[in-house]
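**Student:** What follows is the residue order along each chain.
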Amino acid sequence: MQTKTSKGALFPYVIWIALFVIAPIALVGYYSLLDLQGNFSLENYKTFFSSIYLKMTLSSFWYAFLVTFFALLISYPTAYFLTKTKYKHLWLLLIIIPSWINLLLKTYAFIGIFGLFGPINAVIEMFGLPAQQILFTDISFVFVSVYIFIPFMILPIFNALDKLNPTLIDASRDLGASSLTTFRRVILPLTMDGVKSGIQVVFIPALSLFMITRLIAGNRVITLGTAIEQQFLVTQNWGMGSTIAVFLILFMVIIMLVTGQKNKGGRIR
Amino acid sequence: MKKLSLSAKIYLAIVFIVLYAPIFYLIMYSFNSGGTMNTFDSFTLEHYQAVFEDTRLLVILINTVVVALLSALVSTIIGVFGAIGIVSVKKARLRNTLLSLNNVLIVSPDVIIGASFLILFTMIGIKLGFASVLIAHIAFSVPIVVLMVLPKLLEMNTSLIDAAQDLGASKRDILTRVILPYIKPGIFAGFFLALTYSLDDFAVTFFVTGNGFSTLSVEIYSMARAGISLTVNAISGLVFLVTIIVVVGYYFVTSKTKRKVGDRA
Numbered sequence: 037m038q039t040k041t042s043k044g045a046l047f048p049y050v051i052w053i054a055l056f057v058i059a060p061i062a063l064v065g066y067y068s069l070l071d072l073q074g075n076f077s078l079e080n081y082k083t084f085f086s087s088i089y090l091k092m093t094l095s096s097f098w099y100a101f102l103v104t105f106f107a108l109l110i111s112y113p114t115a116y117f118l119t120k121t122k123y124k125h126l127w128l129l130l131i132i133i134p135s136w137i138n139l140l141l142k143t144y145a146f147i148g149i150f151g152l153f154g155p156i157n158a159v160i161e162m163f164g165l166p167a168q169q170i171l172f173t174d175i176s177f178v179f180v181s182v183y184i185f186i187p188f189m190i191l192p193i194f195n196a197l198d199k200l201n202p203t204l205i206d207a208s209r210d211l212g213a214s215s216l217t218t219f220r221r222v223i224l225p226l227t228m229d230g231v232k233s234g235i236q237v238v239f240i241p242a243l244s245l246f247m248i249t250r251l252i253a254g255n256r257v258i259t260l261g262t263a264i265e266q267q268f269l270v271t272q273n274w275g276m277g278s279t280i281a282v283f284l285i286l287f288m289v290i291i292m293l294v295t296g297q298k299n300k301g302g303r304i305r
Numbered sequence: 093m094k095k096l097s098l099s100a101k102i103y104l105a106i107v108f109i110v111l112y113a114p115i116f117y118l119i120m121y122s123f124n125s126g127g128t129m130n131t132f133d134s135f136t137l138e139h140y141q142a143v144f145e146d147t148r149l150l151v152i153l154i155n156t157v158v159v160a161l162l163s164a165l166v167s168t169i170i171g172v173f174g175a176i177g178i179v180s181v182k183k184a185r186l187r188n189t190l191l192s193l194n195n196v197l198i199v200s201p202d203v204i205i206g207a208s209f210l211i212l213f214t215m216i217g218i219k220l221g222f223a224s225v226l227i228a229h230i231a232f233s234v235p236i237v238v239l240m241v242l243p244k245l246l247e248m249n250t251s252l253i254d255a256a257q258d259l260g261a262s263k264r265d266i267l268t269r270v271i272l273p274y275i276k277p278g279i280f281a282g283f284f285l286a287l288t289y290s291l292d293d294f295a296v297t298f299f300v301t302g303n304g305f306s307t308l309s310v311e312i313y314s315m316a317r318a319g320i321s322l323t324v325n326a327i328s329g330l331v332f333l334v335t336i337i338v339v340v341g342y343y344f345v346t347s348k349t350k351r352k353v354g355d356r357a
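For the record, the sequence lines run as chains L and U.
According to our numbering, the first sequence holds residues 37 to 305 in order.
According to our numbering, the second sequence holds residues 93 to 357 in order.
Hints listed in this document are in silico derivations from the structure and should not be mistaken for laboratory results.
Hints may be right or wrong, so weigh each one.
What the hints assert, rightly or not - Pairs of lysine to aspartate or glutamate residues, derived as EDC-like cross-links and limited to a Cα-Cα distance of at most 20 Å, are as follows:
id	chain 1	residue 1	chain 2	residue 2
1	L	122	L	198
2	L	142	U	311
3	U	101	L	198
4	U	182	U	254
5	L	142	U	292
Being a predicted model, the structure only gives us computed values, none of them experimental.
Use the sequences and the hints to build the structure in full.
**Tutor:** What follows is the structure, given as structure tokens:
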């Protein structure tokens, strides 16, 4: 009897899945097969494999890699030191709060900070150097993206480090391992899951964000996300936009498979 | 345990400074009487005044809050029933399929969600505007609610339901007097997260918003594209204030419910 009531509860949810999970993906796949006139063709896929789009995909991956790499480089030590502080959960909360401030506001702040007359250039000029054009360069794009993603990278790594049994580290030390060996052979392997989920939550959005490229990088950096937005909202070529989206989904699935955890139950507990 | 070395403390301090500097930089210049974010002339509240006098901006603000509250409410209802339904599914394979489908929208990049919803709404014939934005926000908030409610349902002892049944409770009573009270903290967390997701969303809204309707994120984007305007700074000052209040409020409410649950156990 109880299961019957609950099956009824599933009804609106299943409709939701059909309408907003399955149908949109199917529609993107369908539209990717349409050319500008609305006829079926593989034209879009042919275009995607032309040199322009392949180059763009590669550069998008390269920037996403840079962003993820620097975010990880900064976040791992931060998370490690955080677990060693008193009141670590309070400090963690303070790391998380900036991630709740609207992303656009944070990006907007850098338009001022990196501006020709902004504080960074004021410091540069203090050293007697001419003001630099920092905005609309790829460095500014990577910096702002790393800034935005750091909290998301710290969180899973912190959780993994926090769960680590400290006696394991003591044992490793007692057995004569140096700090470096302890880190390489004990701490890092045991927190790899945290690192993997960190990479997952940074790399995929870094491939697809478009407002940072628009606001900070001018049109110097074009990510897959920027290209999709361009095709859908500017050029109005939904077919090509959908084709890029299909590939972005494919990349996403591959990344998830590579960085996915083996014990699937772990994440949804 | 080893104490933190000085260099580690300095490292942490630098990370914190870099994380907060841009936010305080924004807020500081919201009080600047000059029109730029470069030199601070003198203290003024005129930009805040400008925000509250700009009726267009206020309408957008109300839109944003209404969409957030409505979408959080509806997605919480769908999500709670969805979670109850998922738990009742006995076949492991079906249950896992449902869970994977649930997670699709969580891991999908915003651009994909936005673009595919745009196609969907144009096909079904929903006019882009308030309705499309609201439906999109409900759609991407549902899986979060499910994920917040599910663990509570799984840790619930099924004999509680059996006991209620044996004592003659109707299905409705079981739902409203046994299940819902037990999973209340999960429902609350789901609602809260749905609210923040909706308030924070830019990309999906940007795709499905059409011309006449705008939310705060989309408006900030178009203002920021036009260049620096200290009104945006004033908005960020207000947003920061509200965020802090919400965080503190949420912290207190959850620690209270936690204590209550602890008492009962």
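**Student:** State for each hint whether it applies.
**Tutor:** Taking the hints in turn, this is what the structure says about them:
1. Proximity of residue 122 of chain L to residue 198 of chain L is assessed by CA-CA distance (about 13 Å); at most 20 Å being required, the pair is judged to hold.
2. Distance check on the hinted pair: residue 142 of chain L and residue 311 of chain U sit about 14 Å apart at the alpha-carbon level, within 20 Å; holds.
3. For the given pair, residue 101 of chain U sits about 18 Å from residue 198 of chain L by alpha-carbon distance, which is consistent with the 20 Å threshold.
4. Taking the CA atoms of residue 182 of chain U and residue 254 of chain U, the gap is about 17 Å. The hint holds against a cut of 20 Å.
5. Using a Cα cut-off of 20 Å, the hinted pair residue 142 of chain L and residue 292 of chain U holds, with the two alpha carbons roughly 12 Å apart.
Consistency note: the structure conflicts with none of the earlier hints.
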